[in-house]
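Starting from the given sequences, assemble the full structure and let the hints guide the process.
Chains as they are written, first to last, in our numbering: chain A, 1 to 438; chain B, 1 to 500; chain C, 1 to 248.
Just so you know, the hints here were simulated from the structure itself, not pulled from any lab data.
Possibly wrong hints are sitting among the right ones.
[Said to hold, decoys possible] A short, non-exhaustive set of chain A residues, derived as facing chain B with CB atoms under 10 Å:
id: 1; residue: Lys352
id: 2; residue: Val355
id: 3; residue: Leu361
id: 4; residue: Phe364
id: 5; residue: Asp367
id: 6; residue: Val368
id: 7; residue: Thr375
[Unchecked claim] Listed next, the in silico DSSO-like pairs over lysine-lysine satisfying Cα-Cα at most 27 Å (straight line):
id: 8; chain 1: C; residue 1: Lys165; chain 2: C; residue 2: Lys100
id: 9; chain 1: B; residue 1: Lys444; chain 2: A; residue 2: Lys337
id: 10; chain 1: A; residue 1: Lys352; chain 2: A; residue 2: Lys49
id: 11; chain 1: B; residue 1: Lys473; chain 2: C; residue 2: Lys118
id: 12; chain 1: B; residue 1: Lys418; chain 2: A; residue 2: Lys306
id: 13; chain 1: A; residue 1: Lys49; chain 2: B; residue 2: Lys340
id: 14; chain 1: B; residue 1: Lys386; chain 2: A; residue 2: Lys44
id: 15; chain 1: B; residue 1: Lys300; chain 2: A; residue 2: Lys337
id: 16; chain 1: A; residue 1: Lys132; chain 2: A; residue 2: Lys274
id: 17; chain 1: B; residue 1: Lys386; chain 2: A; residue 2: Lys337
id: 18; chain 1: B; residue 1: Lys473; chain 2: C; residue 2: Lys100
id: 19; chain 1: A; residue 1: Lys306; chain 2: B; residue 2: Lys386
As the structure is a prediction and not an experimental result, all values here were calculated from the model.
Using N, Cα and C, we set each Cβ at its ideal position, and we do this for glycine too.
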Amino acid sequence: MEFKEKLLASHLAFEGSIDFSDSVHQTRLESLKTFEQKGFPTRKDEAWKYTSLNSMLRNDFALFPETETTIEIKKVKKYFLYEIDTYKVVFIDGVYSPFLSDTTHDGLDVCLISAALSKSKYRKFIDTYFNKIADTKDSLTSLNTSFTKEGAYIYIPKSVVAEKPIELIHFSTGKEKSLWLQPRNLIVVDKNAQVQILERHQSLKPHQVVTNSVTEIFAHQDSFLDYYKIQNDFSTASLIDNTYISQQKNSNVSMHTFSLGGKLTRNNLNFYLKGTNANATLKGVTILDEKQHVDHYTLVDHIKPKCESHQDYKGVFSEGAVGVFNGKIHVDQIAQKTNAFQQNNNILLDDKATVNTKPQLEIFADDVKCSHGCTVGQLDEEALFYLQSRGIPKKEAKALMTYAFANNVLESVELPILKRRINILIAKKLGVNLGFDL
Amino acid sequence: MHSEHVAVAKVFPYKLKYPMAYTEEELKKELETKEYEYGFYTDIDSETFPVGLNEEVVRGISQKKNEPEWMTSWRLEAFKAWKVMDEPNWANVKYNKPNYQDISYYSAPKKKDQYKSLDEVDPELLKTFKKLGISLDEQKKLAGVAVDIVMDSVSVATTFKETLAEKGIIFCSISEAIKEHPDLVKKYIGTVIPFKDNFFAALNSAVFSDGSFCYIPKGVRCPMELSTYFRINQAGTGQFERTLVIADESSYVSYLEGCTAPSRDENQLHAAVVELIALDDAEIKYSTVQNWFPGDKNGKGGVYNFVTKRGICHTRSKISWTQVETGSAVTWKYPSCILKGNDSIGEFYSIALTNNYQQADTGTKMIHLGKNTKSTIISKGISAGKSQNSYRGLVQVSPRATNARNFSQCDSLLMGNKCGAHTFPYIEVKNKSAQIEHEATTSKIGEDQVFYCNQRGIDPEKAIALIVNGFSKEVLNKLPMEFAVEAQKLLEISLEGSVG
Amino acid sequence: MLSIENLHAQVEGKKILNGIDLDIKAGEVHAIMGPNGSGKSTLSAAIAGHQDYDVTKGAMILEGEDLSELDAEERAHKGVFLSFQYPVEIPGVSVTNFIKTAINANRKAKGFEDMPAKEMLQKIREKSNLLEIDSRFLSRSLNEGFSGGEKKRNEIFQMAMLEPKLSILDETDSGLDIDALKIVANGVNKLRSKDNAILVITHYQRLLEYIVPDFVHVLFDGKIVKSGTKDLAIQLEEKGYDWIKEMA
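Okay, structure coming up:
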């Protein structure tokens, strides 16, 4: 049976097993129809021109891992920001782990979407936000919606500043040889509220896991959201991340994506600037080797006037890796005084790697400042030589220069401990041990 | 209902009308003519096929032209391929697809003989040229441009043949080339753009009725600009001209192409194919000023311009495309370079201006295959009125193309907020030694710039023309001078009524 | 030549000029001085006809004709020239091409034919010598990448080419070193005649040492609060604008 057929066939049983409100059921059924009609995207779809899901979809994925698994903390400690106090919402093979989590309802909600979807006191809330900003025409998003069961639910009320960061961590244990996960997150940052969130998907041993995640984020007026995605999974794990962000007036959202691991990663990052003076920042560092494939697909939709968006993606590729950047800036006719910038710089370290980049501008207003730039090149040989002539071994010199290349993306990481962590990850990825901290 | 027949070669009227610099006076006159300048219809006795397309029609065209068997079968093969192809819809343009069975695929002025002197040319045709500002007579005097004129798909006159022949240069209609130089045509036609390349190229390959052919022998530097002038004339016809330019080793040619069509309510279809072959150390400069009827202020009528242009560069050769696109209701056009030979160079300089309801999706492909290949892309898009203007370009570096270099600059200028400017660059790199740089900007004309001009006594309309010309300078500079002057005027005329 | 009567003007609803009276006769040089925000630049923009500056009251009469209802280019045709404090860049348009277009636009408005190319060239050569501008400069894009001195020299070059009746020099000395200042002032002085008039707008007295005015007016809060001869400028330099503020 083809995987699509399996998903469709499984849905009926799945639908009977859960207890959500009628309207959620309705949404799920409609979404399933959309997925049934559209199926998985193929390279014939312009948005998937450079990324094929075909070989991935040949696996026979388990859809519903049976039981909850416990993991010893010491085994996974390194995946947390253990040095500082954080809220944590942790899932193991798609199932919530109360043991590893640290949730709250005290002044803000950091808990589970399953609770929000089933409890009547959240009804109004769910009606307002659930599946409201997600692209209902997108097949993978629809697939996720139709199987929505678990994920994080975060609500930061008006004028609340979350005093510690929130970590969303999805572990997969490898108990199932092939596993298909579909977490669904809903994050609402109310007026004038502030929060930092970190998201991570991590296998505990090499196995075929594919995560098709959907996150909806609503940033209300004057709110601040600082979001980090760390993608450093085993090379057997794949991720399709669909994130939708709605920004109101004066809100400020920044999204950093660090793509170092994983087999195939597709980031669909969609910003909708729905209020004036909203500010969006999208940054990414991608360092790939060994046939890894990362596809950043960004959309920044300037719907209202006077908003600002900055995109800055850096990529370093070697050994058969494929890097794709597909960024689109759309400026609506009424969105005058828009400032939208997009930068994508890539370095190829050898001839087996590929970069495909497609930065797009679609501008319908005239009083705007929009630009994009992209480059593909290699590390500056002369600078390399200079470093070597000062006694720095070539490998370290290369790493140093790669750091320098990615530095302005790292610079804006607001959590010092996270910045250090990412530095270490990058050093590891480059196979060096650097005696410096950037 | 749509589509008319188009004609082939053009000489641009410009050089002749305004030798050297243009004057304000001429500009003034142009400005008074608010309507499409070339929108008249020439009443020349012509022979037009009934509408519809099938094998018989394809055979018929071939027969009319007394083509050899190999050409007929090539056309039929192309037709077979076309039948099962789909009209592309990925471009950022919206239009009612033509009914391809509702077009006449052949229309020729009745006189079929080659003209040996001007006396033999239909007087009506000469009048047409006069209206366009050219008289062949005048051309001869001015010397410097050899012209092949194609109207409604049939080549009607080629001047300067003898001068060129002395150098061994062949410049004639493609029909003539098929008869007189079959080896060359057979060797190169369809090699850069195979008929299966795309829907419109296949259609063209099946039904092309004429076009220009040019061969520059080894080591020859063509002493004058070669020029083709295309014009759609007959109603209800489509135009499918085919151009083949071969620059043999170490030769050089500069080729100009201009296009006009009468104003009509219906859309007219133009699906041309241009193939350029630059052999080792050769250089081809191909310039186009495209001014097909863009449709009226309400978006009625206008030409659908679906053109496939591509050149192949052999070792150390260079192909340079320069285009000024101000006409057509819908433009779908990507002059490209296949940089096959080591050290070859491809260039693309483009100005695309859209106003009212025009739509343009244009750009280039630079395919880097050889080592040390270089490409440059400079694209200037100007959108006014309710038009949509897209740049779409591909830069591809294959794994073996060591030391490939590309620089792309795409600037858009928006006038008013009812139009759109879009940029779709595709960059695909598989070699680590590549250096690729792409930049794009979007801007508008500053009020402070207009005021500055006003303060010096320049009215707003003229101020905008001046600023737009400045914006387009890098590309205008690439055109042969007289062509550039005409292009500047065209930009100005095309922007009329967009100030406010 | 120019007579301004009770001129009131505002920008985006904010009143800047509150009743200016000024009478400039042919052959005269007037200077307007004043602290930042006093309305100096507004006055020049209002005379030149910038659309953002609303004249709400009063009149500007140039040789018997009210300028208020004229567009900026029509005022230029009547002989009003503004040397911009911040000259605007127009990429891709060369200095030569720009001035040619401007000259012919002015000629056209007066019913003349375009200036013959030869005459144009000669004139450009003559006037560029006056401002010590070399020919390479003339083919550069207008004001793009120009130094402060080059921009101002270019403004005065245009003034020389267009031969206006009334020239307004808005902060022409700002951003100039002493050498450039001398060149510019020298150029202006050579252009002075009994038939034209110049209005110099400046914050400092420095420029007035080189372009010596017949009259000096002090602008404060949108009004001329004191008028005098060139000595007033020296006085102002010594005592500073606070002196004026105290008076006002």
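Hint-by-hint comparison with the structure:
1. Lys352: Since chain B brings a Cβ to about 8 Å from Lys352/A, closer than 10 Å, the hint holds.
2. Val355: holds, 5 Å
3. Leu361: Holds. Min distance 4 Å.
4. Phe364: Status holds, d = 5 Å.
5. Asp367: holds, 6 Å
6. Val368: holds, 6 Å
7. Thr375: At 5 Å from the nearest chain B Cβ, Thr375/A passes the 10 Å test, so the hint holds.
8. Lys165/C - Lys100/C: holds, 19 Å
9. Lys444/B - Lys337/A: OK: Lys444/B and Lys337/A at ~11 Å, within 27 Å.
10. Lys352/A - Lys49/A: Holds, at about 19 Å.
11. Lys473/B - Lys118/C: Measuring from Cα to Cα gives roughly 24 Å; hence the hint holds.
12. Lys418/B - Lys306/A: It holds: about 18 Å lies between the C-alpha atoms, which stays within 27 Å.
13. Lys49/A - Lys340/B: Holds, because 25 Å separates the two Cα atoms, which is no more than 27 Å.
14. Lys386/B - Lys44/A: violated, 30 Å
15. Lys300/B - Lys337/A: violated, 33 Å
16. Lys132/A - Lys274/A: holds, 13 Å
17. Lys386/B - Lys337/A: holds, 20 Å
18. Lys473/B - Lys100/C: holds, 17 Å
19. Lys306/A - Lys386/B: holds, 23 Å
Hint check: violations occur at hints 14, 15; the rest are consistent with the structure.
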